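Participant: Protein chains in written order, with the numbering used here: chain A, 1 to 358; chain B, 1 to 349; chain C, 1 to 183.
Calculated from the structure, these hints are not laboratory results. Hints are supplied without guarantee of correctness; some may be wrong.
[What the hints assert, rightly or not] Heads up, simulated DMTMM-like pairs for lysine to aspartate or glutamate below, C-alpha to C-alpha not over 20 angstroms straight-line: (1) C/Lys30 / A/Glu170; (2) C/Lys43 / A/Glu76; (3) A/Lys279 / C/Glu59.
[To be verified] Label-pair distances were calculated between CB atoms; the ranges are: (4) A/Lys279 / C/Arg73: 30 to 36 angstroms; (5) C/Phe117 / A/Asp312: 35 to 41 angstroms; (6) C/Glu9 / A/Ala200: 26 to 32 angstroms; (7) C/Gln121 / A/Lys279: 46 to 52 angstroms; (8) A/Gly5 / C/Asn127: 32 to 38 angstroms; (9) A/Glu128 / C/Glu9: 54 to 60 angstroms.
Bear in mind that the values here come from a model prediction, so they are computed numbers and not experimental data. C-beta: ideal position from N, C-alpha, C; glycine also.
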Amino acid sequence: MLNLGPQHPAAHGVLRVLMTMDGEWITKAEPVIGYIHRMHEKMGENRTWAQFLPNTSRIDYLSAMHYTHAFVGAVERAAKIEVPARAEYVRVITSELNRISSHLVWWGAMLLDLGGFTPILYAFEDREKILDLLEGLCGARLTYCYYRFGGLCNDVDDEFLNGTRTFVKEMRPRLGMYRNLVTDNIILRKRLTGVGPISAELCRKYGATGPVIRGSGVPYDVRTVEPYSVYPKFDFKIPIYQEGDSMARYLVRMDEMEQSLRIIEQALDNLPAGPFMGKVPRVLKLPPGDTCYAVEAARGRFMVRIVSDGKDTPYRLKLRTPSFCNLSLYEEASRGMILPDALAMLGSLDLVIPDIDR
Amino acid sequence: MSAIQEILLGPGWPWVRLLLYLVGICAFVGANAAYLVLAERKGAGRIQRRPGPNESGYAGWLQPVADGIKLLAKQVMVPPGTDGFLYRLAPLMVMAPPLICLTVIPYGENLVARNINVGLLMVFSLGSINVMALMLGGWASRNKFAVISSARIVSQNVAYEIPMLLVVITLLMVTGTMNLNEIVQHQAGWFWHWNFFKVWVNPLMPVTFVIFFICMLAETNRAPFDMAEAESELVAGAFTEYGGMGFGVFFMAEYANIVVGCSLATILFFGGWQSPVVILSGPIWGPLWFLAKMYALVLTVIWIRWTFPRTQFYNLLNLSWKILIPVSLVTLLLTGAMMKLPLLLHHLF
Amino acid sequence: MTMKAAFLEVYRGFMSLLTGMRITLGQCFKPIITVQYPRQTLKMAPRFRGHIELVLDPETGKSLCTACKLCERACPSDCIAVDGAKLDGQKTKSVTEYKLNFTTCSLCGSCIEACPFDAIQFSKDYNKVSFSRDTFSHMDLVKRLEERRKIWAQQRPAAPPAEMPMPGPAPASTPQTQEQKPS
Chain A
1 MLNLGPQHPA AHGVLRVLMT MDGEWITKAE PVIGYIHRMH EKMGENRTWA QFLPNTSRID
61 YLSAMHYTHA FVGAVERAAK IEVPARAEYV RVITSELNRI SSHLVWWGAM LLDLGGFTPI
121 LYAFEDREKI LDLLEGLCGA RLTYCYYRFG GLCNDVDDEF LNGTRTFVKE MRPRLGMYRN
181 LVTDNIILRK RLTGVGPISA ELCRKYGATG PVIRGSGVPY DVRTVEPYSV YPKFDFKIPI
241 YQEGDSMARY LVRMDEMEQS LRIIEQALDN LPAGPFMGKV PRVLKLPPGD TCYAVEAARG
301 RFMVRIVSDG KDTPYRLKLR TPSFCNLSLY EEASRGMILP DALAMLGSLD LVIPDIDR
Chain B
1 MSAIQEILLG PGWPWVRLLL YLVGICAFVG ANAAYLVLAE RKGAGRIQRR PGPNESGYAG
61 WLQPVADGIK LLAKQVMVPP GTDGFLYRLA PLMVMAPPLI CLTVIPYGEN LVARNINVGL
121 LMVFSLGSIN VMALMLGGWA SRNKFAVISS ARIVSQNVAY EIPMLLVVIT LLMVTGTMNL
181 NEIVQHQAGW FWHWNFFKVW VNPLMPVTFV IFFICMLAET NRAPFDMAEA ESELVAGAFT
241 EYGGMGFGVF FMAEYANIVV GCSLATILFF GGWQSPVVIL SGPIWGPLWF LAKMYALVLT
301 VIWIRWTFPR TQFYNLLNLS WKILIPVSLV TLLLTGAMMK LPLLLHHLF
Chain C
1 MTMKAAFLEV YRGFMSLLTG MRITLGQCFK PIITVQYPRQ TLKMAPRFRG HIELVLDPET
61 GKSLCTACKL CERACPSDCI AVDGAKLDGQ KTKSVTEYKL NFTTCSLCGS CIEACPFDAI
121 QFSKDYNKVS FSRDTFSHMD LVKRLEERRK IWAQQRPAAP PAEMPMPGPA PASTPQTQEQ
181 KPS
């Protein structure tokens, strides 16, 4: 009986996995969650719609913009607030930058788990550029509170636009360098190929989404299946790999970074001029009923469901987070695996524990 | 000066000479263990585009002193329930083989503590004792995971000794002697006289060197083959129950092993204390060239550690049994054939 | 696997290792990217979110805050406690107490957006330290404004000294009470 305890050296977060071992092989791996439960959904019931905005960034702090987008989109959908085109385009640019930065963290942390100590520092060098851009834009580096109902908090300036263009130009060769250094590396290939196979049926059974299901051959991406914001206007591919092992999930995320760069370029080229904030009533009261809004966050499908009873605080706020479902298939998928392989698979699922516990 | 020269190089004073050598070797190993750690951290820093330790002393040069003081200041504790004798014996047994190996390594033309005729054989037999000492360390800890970890170290080391010995046999066929000083003397001249470049005797000589290098990395449990010690992330590694200076001794022994391995590689492949250009040789240049080549190889070992992730355990063993052993057998056969080729041609024509 | 395919795999694998080593060697010779704090510091972006501070009116040297308590109501974490009093001869209130509980502030900016007079802004402090918890749980913004006002007054010796109202009775709600206020 081995306890992969809540305290780890630097990987995963506060996740506890109770493993029953037979020598080297795992017979049962039971994740125990709840060590960082902060009651975001309850906090939602006690705050007004606008007061909940800081919370959205903190549910999954690595892809904070996506989560804010979902909440803001849900409220706008319910209150029928119109968002100007410029704001939508900027939302897409910042979301995709956030996706790249989240994938960079995943990449570095997974390689750190596997014993390669250098790539995380290269990844963080690139991430610094993104964080500096977003800091110049909205003042925060990780927990942005940038979107408002009806648009953005403040407009983009030329410094941000030029900086983003430079970043996109510099990032493409860096992705090539990552491919040469790590992806093509025979040691990594041997470490990840064939490890942790997850079939599409298993994903469907537990509701896993994001790169987990796209690495198993199912073309499910919220941006194409339930298009939101201005994503239909952009031309980008959804990377799908059929094998379903850790290498497939790895390649999906690396390709997603490349596609995000494409989206950012197209958005920068077509950014319309205009206002950055729509018309919003002073005190926001939503009509009674419930509304959902789903977003493709960096880890999978994030959905917000708000139930309003006409007051200015939500009656119920439900957050459907991707990591919760991604983790739930771990118990079944890791049976009979050898321990280091199980860890490599855990790394490839890209879990952020605050996302699981909310 | 002449008195020292007489002691070092002359026939008399054998015991004083031996004592000087032993003290020198211990000092060399100690200084290496301390400052190679600093070199590794600084090298890691440069590869990762950060400075490495630079706070203690000017540019971090007192960092090993700080580390040493920290290790010495820790409580030396023998955990209850462990086998006390073996627990205390293991660090000593791990440190002894590299120290003894260094007595047969020629640093310069006349700078070798004991010029034994079977020096090469001695180095490899002591390497096997190293394996046993690591096993003892894990076993004496009475910790389930430490035992699993040491069992893995043993199987890894045994698997990689075989290609290493095959490679060494290949070289023995080329050099014809096990005396390390003579091996170096055979490589006199410009750098193309070094064993690494002798492709007319063994066409796959660079491949032989690569196999030797990989086996050396695996024998010393260095990345990317450090499954055993880096397992301490999750499961206890082989040395969990050792604290303070006990752990420090294991650490020092690892660096001493690297030094021995790289010295051996320079002697066998790169001409030991021979200079690459004939001009700059002599009693002072010899050791300098030797140290330069050895440290170049040590820096390569450090470079490799910080570049690659860890191999998986069965991949590690697969590499040895399925790739390295066949290739080294092929080089062995090829060398034998190439050496006998002139004779064969002579008989045919 | 055929012999040729096996050979090719080994060869390509080995070459990939050499490529990786070449990349890290190249990185070795590039300049370091870390900033050696505290010997070197970074300049913060203009929109950087430090803790909030009261804005000093460059004309009068006083705060623009009228203690209307809109920021207090907008805050999701109940960090702010404001109080004010009316000075003689003035139409609006002036702020006398402005306590911020920075230990619970999430730097969301709702208070700044809610303020109708633009009386608060983000500061650029990122490295405040203290030995006591009070510095952060009862951050006295009025006192900090007073310090800045002194510097401002020194630079304009001709300006009349601004009259800061004396602290009045204790504010109605302290920042420490965590009761959830229905808005």
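Participant: All the hints need checking, so say for each whether the structure fits it.
Facilitator: To see whether the hints hold, each was checked on the structure:
1. Between C/Lys30 and A/Glu170 the CA atoms are separated by roughly 16 angstroms; this keeps the pair inside 20 angstroms, and the hint holds.
2. The straight-line distance between the Cα atoms of C/Lys43 and A/Glu76 is roughly 37 angstroms, outside the 20 angstroms bound, and the hint therefore fails.
3. Restraint check for A/Lys279 and C/Glu59: not satisfied, since their Cα atoms lie roughly 34 angstroms apart, outside the 20 angstroms limit.
4. At roughly 22 angstroms, the beta carbons of A/Lys279 and C/Arg73 sit outside the given window of 30 to 36 angstroms.
5. Taking 35 to 41 angstroms as the suggested C-beta distance range, the pair C/Phe117 and A/Asp312 does not conform, at roughly 24 angstroms.
6. Between C/Glu9 and A/Ala200 the CB atoms are about 29 angstroms apart, so this pair conforms to the stated range of 26 to 32 angstroms.
7. Checked against the given bound of 46 to 52 angstroms, the beta carbons of C/Gln121 and A/Lys279, roughly 26 angstroms apart, lie outside it.
8. At roughly 33 angstroms, the beta-carbon separation of A/Gly5 and C/Asn127 lies within the given 32 to 38 angstroms, and the hint holds.
9. Range check, A/Glu128 to C/Glu9: about 37 angstroms between beta-carbon atoms, so the 54 to 60 angstroms window is missed.
Hint compliance for this structure: hints 2, 3, 4, 5, 7 and 9 are broken, all remaining hints hold.
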